[in-house]
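Colleague: Line by line, the protein sequences are chains W and A. Residue numbers 6 to 112, in our numbering, belong to the letters of the first sequence in order. Residue numbers 8 to 121, in our numbering, belong to the letters of the second sequence in order.
The hints are simulated quantities; they were obtained by calculation from the structure and are not laboratory data. Treat the hints with caution; some may be incorrect.
[To be verified] Not everything, but these chain A residues come out facing chain W in the computed CB check (under 8 Å): (1) Ser40; (2) Leu50; (3) Glu55; (4) Gly65; (5) Leu97; (6) Gln110; (7) Gly113; (8) Pro114.
Glycine included, C-beta positions come from ideal geometry on N, C-alpha and C.
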Amino acid sequence: GESVGLHLPTLSVQEGDNSIINCAYSNSASDYFIWYKQESGKGPQFIIDIRSNMDKRQGQRVTVLLNKTVKHLSLQIAATQPGDSAVYFCGGGKSTFGDGTTLTVKP
Amino acid sequence: KAGVTQTPRYLIKTRGQQVTLSCSPISGHRSVSWYQQTPGQGLQFLFEYFSETQRNKGNFPGRFSGRQFSNSRSEMNVSTLELGDSALYLCASSGDSLRGETQYFGPGTRLLVL
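Just need the whole structure built from these sequences, with the hints factored in.
Modeller: Put into structure tokens, the structure is as follows:
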């Protein structure tokens, strides 16, 4: 079946540092993957996505890496800011999601 | 453009009752998906509607049902509520379910079953 999962439930970083959030997926996951950010009391917000025929995609301060060999997905946030504090989770298509990593940015 | 809206935002029901939640997608979006989010299970897919047809369905019992209207607005119904149905119910819309376009989530309806 399809599944995605995150490696760590929490991550704490200093403001200005880079953050890396990881996600693993199973054999039959979707052909595209998405990272979402969810702040308290709000719905998930799209950050960036990547198709399975790519291995890297960059956005504004964010980079997603896809390693199909080990079935691993990561989200890198450059120069992390306090406003980046939220729960981040990955998704495989529209129907499969990881549990989420809570990112806390310390000033 | 206005974002995805969901009503009501908060709801308290008792076991055995039924509930209907509403979702209005972004104007022009034809795909609406519903999700249940709980601290223990995370975000779980319920179903997706596209042009009034259910296109995909998650692994939930038949007590969970939905529909989509010609204006793309969607409703989700849960019958015979159980305590475990307490959750945040989210809907998301996108332009074309076949191409996997970016989904935009609403703020959710928080349902508490007593």
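Colleague: Taking 8 Å as the limit, does the beta-carbon of Glu55/A come near enough to a beta-carbon in chain W?
Modeller: holds (6 Å)
Colleague: For the hint on Leu97/A, does the least C-beta distance to chain W fall short of 8 Å?
Modeller: holds (5 Å)
Colleague: Quick check on the hint: Ser40/A CB to chain W CB, less than 8 Å?
Modeller: At 5 Å from the nearest chain W Cβ, Ser40/A passes the 8 Å test, so the hint holds.
Colleague: Can we keep the Leu50/A interface hint, with Cβ of chain W closer than 8 Å?
Modeller: OK, holds: Leu50/A within 8 Å of chain W, min 4 Å.
Colleague: Measuring from the C-beta of Gln110/A to each C-beta in chain W, is the shortest one below 8 Å?
Modeller: Nearest chain W Cβ about 6 Å off; hint holds.
Colleague: Given a cut of 8 Å on the nearest C-beta pair, is the interface hint for Gly113/A held or broken against chain W?
Modeller: Holds - the Cβ of Gly113/A comes within 8 Å of chain W, reaching about 5 Å at its closest.
Colleague: Given Pro114/A as an interface hint, is the shortest Cβ-Cβ distance to chain W below 8 Å?
Modeller: With Cβ-Cβ at 5 Å, under 8 Å, it holds.
Colleague: Is the interface hint satisfied for Gly65/A? The criterion is a beta-carbon contact with chain W at less than 8 Å.
Modeller: OK, holds: Gly65/A within 8 Å of chain W, min 6 Å.
Figure legend: structure checked against the earlier numbered hints; every hint is met.
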